[in-house]
Amino acid sequence: MTQLTEDPQRTVPYGAVFAPAPPRRRAWPWILVVGLVALLAVGAAAVHVWANLSFDQAHASAAQAAVVYEGTAESARVAADGGATEVSAASSIIASAVDDLVDASARAELAEAAGQLDDAVDEAEQLLDVTAPAVDVAKPAWPWELFAAASDLDEAAPALRAQADGLGAVAGAVDAESDALTAAAVQLYASVPAAADALEAEHISARATVMLDFVEAAQRAAGQERAGSGAELAFTAYANAAEALQTSSAAELAEKAGPLLETRLTIEEYARSIAGGVTLDFDWAPVVNGVGGFLGMAGTATWNTGRGGFSTITLSDSVATNWPSLDAQALVTHEVGHAITSKCSDLFDSDDPDQNELWATAWAISMGFDTPGNGTQAYGYPPQELIDIAATCR
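FYI, in the UniProt record's numbering the residues of the sequence shown are 1 to 394.
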């Protein structure tokens, strides 16, 4: 049995044999691998974030450019469509507005303005047909796909801005040419009254309703303010009314042809000159109301308050053969007194046939005719009060 002694410096039995401690394993290679993997993961995540940010920024910029492009394209489309409509209307107006209906130089200026607007519309249409870069793309998942898509969007944004700028320029050109066409059209419309007045004077023998149709159509054409469907319809109606006017005038002159034609036209001109703007028709016959030839002179007249007033006066041929005797003039003036009732029917009892005859007689007297042809021979002398009232109707 071994005796152990205490060694104040040791805590193990004296003489004990110790085995060497096993060597420690080194952890740093594994730490390096783990660190490298983590670093790669962080790098990959950073690249992915970068790719996403690049895509998002490029997409936002391209989307903003697309919004501007779409708005500009819509404005350009509206301008082009409106310009095309104006060109079509102007072409129709030019076709209808022959020399007798408008000023020829004004029509030529409108044709030139229509051609320039048509060119501007064509340029706008060509640019509108160019396909814009697409920006409404699905977001990819992989970084390399995100970078590629971002690159495409980066190229799309300036392309969209450039197209928008181009569309804005052509839309502005269309608007400017449209304004020029409107100005030329208004100038053309302003030339209508003078041309219509000349045509009316040249074809004054047309029937009253045909004449009124022409006058109203001319007024509508002159009142247009732009080159559109309304003006197109107005000028088509104006041209048709002018054609009807000329046809009616030719027919009336053919009906009145003969040795008394010039005298008849002189009498009609006189009647119109005192009718106060009432539109007059004239019919001639050998006998009117049983009177004519060697039996004397006769006439009748209607009156209508519609459309500013119009009337048909019928005269016997003997009025023309006796013209310009005072009785013939007085008789025609009496009939015009009936016609002008269209303007003054509220000044007497125009529903009473007898009062109508007294009115026409009074009106002839108020015009200075005291001979029996004024109506006094057939209807008696009217009251002075009625003559005074008739003198206010002109």
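Among the hints, a few may not be true.
[To be verified] Simulated restraints on C-beta separations:
#1 Ala250 x Arg226: 30 to 36 Å
#2 Asp165 x Gly308: 27 to 33 Å
#3 Asn240 x Leu347: 26 to 32 Å
#4 Glu123 x Gln64: 24 to 30 Å
#5 Pro372 x Leu347: 23 to 29 Å
#6 Thr85 x Leu261: 48 to 54 Å
Quick caveat, the hints were computed from the structure, so don't treat them as lab data. All residues carry an ideal CB built from backbone N, CA and C; glycine is no exception.
TODO: With 48 to 54 Å as the target window, see if Thr85 and Leu261 comply at their CB atoms.
DONE: 49 Å, holds
- [ ] Could you tell me whether the CB distance from Ala250 to Arg226 stays inside 30 to 36 Å?
- [x] 35 Å, holds
Open item on the list: Holds or violated: the 27 to 33 Å window for the beta-carbon distance between Asp165 and Gly308?
Closed with: Violated, since Asp165 and Gly308 (Cβ atoms, about 56 Å apart) do not stay within the stated range.
TODO: Given the hint of 23 to 29 Å, check if Pro372 and Leu347 actually sit that far apart at their C-beta atoms.
DONE: The hint (23 to 29 Å, Cβ to Cβ) holds, given that Pro372 and Leu347 are roughly 25 Å apart.
TODO: Using the beta carbons of Glu123 and Gln64, state whether their distance is inside 24 to 30 Å or not.
DONE: 26 Å, holds
TODO: Given the hint of 26 to 32 Å, check if Asn240 and Leu347 actually sit that far apart at their C-beta atoms.
DONE: About 38 Å separates the Cβ atoms of Asn240 and Leu347, which means 26 to 32 Å is violated.
Checked against the numbered hints given earlier, the structure breaks hints 2 and 3 and satisfies all the rest.
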